[in-house]
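For chain E, the structure is supplied; the task is to place chain L on it using the hints.
Chain residues, written in single-letter form:
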Amino acid sequence: MLWDWNYTWEIMPVLLRASVVTVEATLLGFLLAAVLGLVLAILRMSKNNWVSIPTAGFIEFIRSTPVLIQIFFIYFVFPEFGVVLPAMTAGVLALGLHYGCYCSEVYRAGIECVPRGQWEASTALNLSPYVTFRDIIIPQAIPPIVPALGNYLVALFKETPLLSAIAVLELMQTAKILGSQSFRYVEPITLVGVFFLVMSLVAAAIIRQVEAWLNRTLRISGAER
Amino acid sequence: MTEPMVKFENVTKSYGALTVLDSLNLEVAPNEKVAIIGPSGSGKTTVLRMLMTLERINGGVIYVDGEPLTHMPRNGALVPADEKHLRRVRAKIGMVFQHFNLFPHMSALKNCMEAPIHVLGLPKKEAEQRAAELLDMVGLSDKKNHYPSQLSGGQQQRVAIARALAMRPKVMLFDEVTSALDPELVGEVLNVIRKLGAEHNLTMLMVTHQMGFAKEFADRVCFFYGGKIAEQGKPEEIFNAPKEERTRQFLSAVLEAG
Numbered sequence: 001m002l003w004d005w006n007y008t009w010e011i012m013p014v015l016l017r018a019s020v021v022t023v024e025a026t027l028l029g030f031l032l033a034a035v036l037g038l039v040l041a042i043l044r045m046s047k048n049n050w051v052s053i054p055t056a057g058f059i060e061f062i063r064s065t066p067v068l069i070q071i072f073f074i075y076f077v078f079p080e081f082g083v084v085l086p087a088m089t090a091g092v093l094a095l096g097l098h099y100g101c102y103c104s105e106v107y108r109a110g111i112e113c114v115p116r117g118q119w120e121a122s123t124a125l126n127l128s129p130y131v132t133f134r135d136i137i138i139p140q141a142i143p144p145i146v147p148a149l150g151n152y153l154v155a156l157f158k159e160t161p162l163l164s165a166i167a168v169l170e171l172m173q174t175a176k177i178l179g180s181q182s183f184r185y186v187e188p189i190t191l192v193g194v195f196f197l198v199m200s201l202v203a204a205a206i207i208r209q210v211e212a213w214l215n216r217t218l219r220i221s222g223a224e225r
Numbered sequence: 001m002t003e004p005m006v007k008f009e010n011v012t013k014s015y016g017a018l019t020v021l022d023s024l025n026l027e028v029a030p031n032e033k034v035a036i037i038g039p040s041g042s043g044k045t046t047v048l049r050m051l052m053t054l055e056r057i058n059g060g061v062i063y064v065d066g067e068p069l070t071h072m073p074r075n076g077a078l079v080p081a082d083e084k085h086l087r088r089v090r091a092k093i094g095m096v097f098q099h100f101n102l103f104p105h106m107s108a109l110k111n112c113m114e115a116p117i118h119v120l121g122l123p124k125k126e127a128e129q130r131a132a133e134l135l136d137m138v139g140l141s142d143k144k145n146h147y148p149s150q151l152s153g154g155q156q157q158r159v160a161i162a163r164a165l166a167m168r169p170k171v172m173l174f175d176e177v178t179s180a181l182d183p184e185l186v187g188e189v190l191n192v193i194r195k196l197g198a199e200h201n202l203t204m205l206m207v208t209h210q211m212g213f214a215k216e217f218a219d220r221v222c223f224f225y226g227g228k229i230a231e232q233g234k235p236e237e238i239f240n241a242p243k244e245e246r247t248r249q250f251l252s253a254v255l256e257a258g
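Just so you know, the sequences run in chain order E and L.
All residue numbers for the first sequence refer to the numbering used here, where the first residue is 1 and numbers rise by one.
All residue numbers for the second sequence refer to the numbering used here, where the first residue is 1 and numbers rise by one.
Everything labelled a hint here was simulated from the structure, so no lab data went into it.
One should not assume that every hint holds.
Said to hold, decoys possible - Here are the computed lysine-lysine pairs in the DSS-like style, where the Cα-Cα straight-line distance is at most 30 Å:
1. L:Lys143 - L:Lys7
2. E:Lys47 - L:Lys92
3. L:Lys124 - L:Lys143
4. L:Lys84 - E:Lys47
Here the structure is a predicted model, which means the values were calculated and not measured.
The following block holds chain E by itself, in its conformation from the complex:
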């Protein structure tokens, strides 16, 4: 028989424990990406070319190289420079960095969509650049980009199996180990796939809720845009 239910139930607890690692890596990675993305977006929009151009180059460089290479680089090459990181940290860092660069473009689009009049009103009221960003621009820039950021959250989540390449004990790595021990790959790999499917659908549903909630509470008016 192709599918062994006994074996399935036997490995389930192990995979569930590993799924916690996957979720952790996703959330930490995305948190880093969300913060880093905003910082990069603001640096990139700087009027100072010495800031904006190198930032743009950095974003382009990271986006144009595979995340797997970045994971390897941080985990295997950084130690050459004296930076030794645990596999999980290196993996989260690489995912956060990679997706931070993608998110920065989303933030930039969101910020550019805020009408120019909002900046002008902020100047006329003499708000500092920091307060302008924090209180005026970002609250208006975020709600429209929640769906796009959510897509990257799901995309990052689905990329976490790459961390198995540096032996982080997340779902994929655990499934591979289980398979190599029992020579049964059908159940572990299928379960991993099902897990990703379910979690992605759940995440998408949550993002829709967040979107609706943001639109309600922030009351972005149609008339002003």
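Positioned in the frame of chain E, the structure of chain L alone reads:
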């Protein structure tokens, strides 16, 4: 003669090859109300935007309340102002925009509290009290918890006036503040401006298409044409006996359109 509140000295503004303002000289006395009229593209809005530091100038100096705005003194000479200097002098100026530019994610009250708290450093309670008083003054005490999207254009513009006043400016700039309003809402905004003029010690510069209002309210009318002041004087002189042919043409065109 008293020190002018606002002074443009040979101010030039151009976008590439296009000169928008050509060596503008203009002095506005404290408490004076100046209406700026003219055809579109004559540079009249640019005057206000330069004064609010929303546009950089390409030549000349703008003075506000006796000190340079666009420049700062250093070693006996004037050098272009840095951000710190701009922020300090800019605090004397408030502006109301054609399209209101209220913060859509904040209630009317919060719109009027944001800058007093974060720029003037007022305690929240005091800022809230002052914001409420100002909204009361513009006749919106019952709308203070409404968001801009829940207000009519006239109400939004009155909130915008209250928001600018909350910063206690000495100079108020009105940039075509009734142009985006439905005709029946123009009156309520003009009434607030009349009230301001009567009750507050404010220097006002307004770009307007409301000729009737300019005639009745302004101390002086400046007619802009092709980046220059083509003619200026008391409202009755400009509207009843314009000296320049271009002024006559403009006024007859505007009055014909109603």
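Within a Cα-Cα threshold of 30 Å, do Lys143 (chain L) and Lys7 (chain L) meet the stated pairing? Roughly 38 Å separates the two Cα atoms, so the pair is violated.
When you check the alpha-carbon spacing of Lys47 (chain E) and Lys92 (chain L), does it fall within 30 Å? 26 Å, holds
So if I understand the rule, the pair passes when the alpha-carbon distance is 30 Å or less; does Lys124 (chain L) with Lys143 (chain L) pass? This hinted pair holds, its Cα atoms lying about 19 Å apart.
Decide if the proposed pair is consistent with the structure: Lys84 (chain L) and Lys47 (chain E), CA atoms, cutoff 30 Å inclusive. Roughly 17 Å between the alpha carbons, so the hint for Lys84 (chain L) and Lys47 (chain E) holds.
The structure fails to meet hint 1 from the earlier list, while all remaining hints are met.
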